[in-house]
Amino acid sequence: MATETETSLKDAFGKYADFLNNLNEKRERIVKASRDITINSKKVIFQVHRINKYNKDEVLEKAEKDLSAVTNQYVSRLVKELQGCDFWKLRRAYSPGVQEYVEAATLCKFCKSGTLLNLDEMNATLLPLSDPSEEPLQINILDYLLGLADLTGELMRLAIGRISDGEIEYAEKICKFVRELHRELTLVVPLMDDSHDMKTKMEVMLQSVMKIENACFSVHVRGSEYIPMLGSSDQSYPLMGVPNIDP
Amino acid sequence: MHREPMMRSPIFKLQRMIFVTACKPQRIHQWTTLQSSATEARTMATEIKSSLKDAFGKYADFLNNLNEKRERVVKASRDITINSKKVIFQVHRISKFNKEEVLEKAEKDLAVVTNQYVSRLVKELQGSDFWKLRRAYSPGVQEYVEAATLCKFCKTGTLLNLDEMNAILLPLSDPSQEPLQINALDYLLGLADLTGELMRLAIGRISDGEIEYAEKICKFIQEIHRELTLVVPLMDDSHDMKIKMEVMLQSVMKIENACFSVHVRGSEYIPMLGSSDQSYSLMGMPDMDL
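Just so you know, the sequences run in chain order U and D. Following our numbering, the numbering of the first sequence begins with 710 at its first residue and continues without gaps. Following our numbering, the numbering of the second sequence begins with 14 at its first residue and continues without gaps.
Don't read these hints as lab results, they were simulated from the structure. Hints are not guaranteed to be accurate.
Subject to a maximum C-alpha distance of 27 Å in a straight line, what follows is the list of computed BS3-like cross-link-like pairs (lysine-lysine) [stated by the list, open to error]: (1) Lys98/D x Lys724/U; (2) Lys798/U x Lys88/D; (3) Lys798/U x Lys735/U; (4) Lys771/U x Lys82/D; (5) Lys118/D x Lys719/U; (6) Lys735/U x Lys82/D; (7) Lys62/D x Lys771/U.
Given the structure is predicted, the values throughout are model-derived calculations rather than measurements.
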């Protein structure tokens, strides 16, 4: 009888070993897929940052094309790996990739329409990628909020860039948007469980909001002290009457 | 107007234009001069702009390629790490009964790691600035060194040295280019990790009763630790090594304590069922197979 128990114990442990090995291999594939999503989403974000008032449409068009490439190529790989299994167990493996993806998608939507891409719309774009026989893989709220927090950092960078290009109204639009995000999230975050990441991101978000506000303030209130840029219609003493010089 | 070479730079022209504008009486006469110098400034600026753009375009391509290569190297390194760890786990299953089969499987797996994953890494790195990407592939190489040296030790009780390892890697490299060799730093970092695995192996052997094997491991580790303690203070860039030296010291102490406890206090222990020691509680009882 001791041998029987021994064999059945061995078999049981053999099954545990196989299960754990498969889980670890799946986790490894998911980490790789997540890294691919992260890198390509970052490329989309860099593309959006190249925007200025002259090339807005081409830049956004290319960004949307790249973003759909990311969705169809890399996010679909992730969905295939995760579907039908305990995807919550592997959340820490794919969360960074999903956050970057949310960041890129919301940034594109904002630059196009000035509105926030909400979670339902995002999940609607992901729906076709899932196998219809199984429960579709949806981005969960936590990853979405973490991605939104990163979005504010990118919007800060965009706003500073727009100010240095002279597009002050655009920067003020971004300022209002980021302020609203920060305001709403400040009410939500204390009520979240498992909110250590969010608390760190809220501090960073506050810094971003302050940076944008300071920059808009400096340009708006102190703008009259600055020598206006060559090519603007403001009359100012040193270059009065000189025609526009294209650099 | 006679122009020296320096006068042609656009910035200088701009300064001249501003100076000219400030002098009112001659404004109308110099207006036409201003226009033509503005046109020249514009053309030259466009030329400079497009050649700068090209240069920056090349920089952008170079950096993009480097980042993509780094990403592939990181992925290859992760594969090497995971499969080397599997080899190490395989070696840990060793016991005095199955020593040959376990080591045979471990060596087979290690050869697979070498031919499949390390060769991928070698292909990516060859011919490029592989030192620049060292931080990307270093963890994988360290695990590989750890696995290979552990196998060699379990087989022969000796240390697999760097030249032997690089000789194994030589066939993987493209003969037309300089072969990719494991550098001394990654090798030493791998050796430091090896001592941790040897500590685990030694404790395992003691709990199986193979005390002589554990003492062999103990001497081996003591020697590695002794030699490395002399080398590490002289190393540049030795922050990683210093941390690993502290961990190594803990490993050596653990093994020494374990061997001591078993050796010196062994008589206090009830000898294992099946051993030939006569002891009071089980005197005369026949061997029981578990």
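Would you list, in rising numerical order, the hints stated earlier that this structure does not obey? none
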